[in-house]
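**Student:** Sequence:
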Amino acid sequence: MLSTLNITTLMKIAEILGGDEAVKVVDILKDSEEITDEEIANKTGIRLNNVRKILYKLYDHSLVSLRRTRDPQTGWFIFHWRLQPDQIEGFILSQKRRVLEKLNIRLEYEKNHDFYYCQTPGCRRIPFEEAVELIFRCPTCGKPLMHYNNEKIIRGLTKKIEQLRKELGE
3 MLSTLNITTL
13 MKIAEILGGD
23 EAVKVVDILK
33 DSEEITDEEI
43 ANKTGIRLNN
53 VRKILYKLYD
63 HSLVSLRRTR
73 DPQTGWFIFH
83 WRLQPDQIEG
93 FILSQKRRVL
103 EKLNIRLEYE
113 KNHDFYYCQT
123 PGCRRIPFEE
133 AVELIFRCPT
143 CGKPLMHYNN
153 EKIIRGLTKK
163 IEQLRKELGE
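Each residue of the sequence shown is one higher than the one before, starting from 3 at the first, in our numbering.
Think of the hints as simulated: they come from the structure by calculation, not from any bench.
Do not take every clue at face value.
Stated by the list, open to error - PhoX-like cross-link-like pairs, simulated, lysine-lysine; straight-line CA separation at most 20 Å:
{"hint": "1", "residue 1": "LYS161", "residue 2": "LYS98"}
{"hint": "2", "residue 1": "LYS14", "residue 2": "LYS55"}
{"hint": "3", "residue 1": "LYS59", "residue 2": "LYS26"}
{"hint": "4", "residue 1": "LYS104", "residue 2": "LYS55"}
{"hint": "5", "residue 1": "LYS145", "residue 2": "LYS161"}
{"hint": "6", "residue 1": "LYS104", "residue 2": "LYS161"}
{"hint": "7", "residue 1": "LYS32", "residue 2": "LYS55"}
{"hint": "8", "residue 1": "LYS162", "residue 2": "LYS113"}
{"hint": "9", "residue 1": "LYS55", "residue 2": "LYS113"}
{"hint": "10", "residue 1": "LYS32", "residue 2": "LYS59"}
{"hint": "11", "residue 1": "LYS154", "residue 2": "LYS104"}
{"hint": "12", "residue 1": "LYS168", "residue 2": "LYS145"}
{"hint": "13", "residue 1": "LYS45", "residue 2": "LYS32"}
{"hint": "14", "residue 1": "LYS98", "residue 2": "LYS59"}
{"hint": "15", "residue 1": "LYS26", "residue 2": "LYS104"}
{"hint": "16", "residue 1": "LYS161", "residue 2": "LYS113"}
{"hint": "17", "residue 1": "LYS104", "residue 2": "LYS45"}
{"hint": "18", "residue 1": "LYS55", "residue 2": "LYS45"}
{"hint": "19", "residue 1": "LYS98", "residue 2": "LYS14"}
{"hint": "20", "residue 1": "LYS14", "residue 2": "LYS26"}
{"hint": "21", "residue 1": "LYS45", "residue 2": "LYS26"}
{"hint": "22", "residue 1": "LYS98", "residue 2": "LYS162"}
{"hint": "23", "residue 1": "LYS145", "residue 2": "LYS98"}
Hey, can you work out the whole structure from these sequences and the hints?
**Tutor:** Laid out in structure tokens, this is it:
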């Protein structure tokens, strides 16, 4: 059903989305054709409420699907969950698109602003407009602010954007 590469990728995604508990949930799901949230909770020892939160987070990213049935005795809904390993690539592509969008915004910000910096580790770069208001003094340490050349940052962002565009086929 799942290749080793897909399992590894899926486990990393689960860890990012929900930590160790999500990894345990996915580990149970990968060995099951279809399973209820209560069965997952029993097998993992994770509280049912947490299992459901994790499953819905995975569901929001289309990594799992669910089928709903009604319990004939209680009338309550029973949710049957299954992995959707074919959606992993789509999830990764959408995340790359989000990162690309954020990098483009950051690149524009870097290109459109002059920055000033006091050369003290731990202090932040200050955009020109703010530096003027601060009379070119660092708000953290009080040292004079000097012009900061952000060409290295711009080159790095441009390189990463080009790499992502190539991966996305843009």
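**Student:** Give me the numbers of the hints this structure contradicts, sorted from smallest to largest.
**Tutor:** 4, 5, 9, 12, 15, 17 and 23
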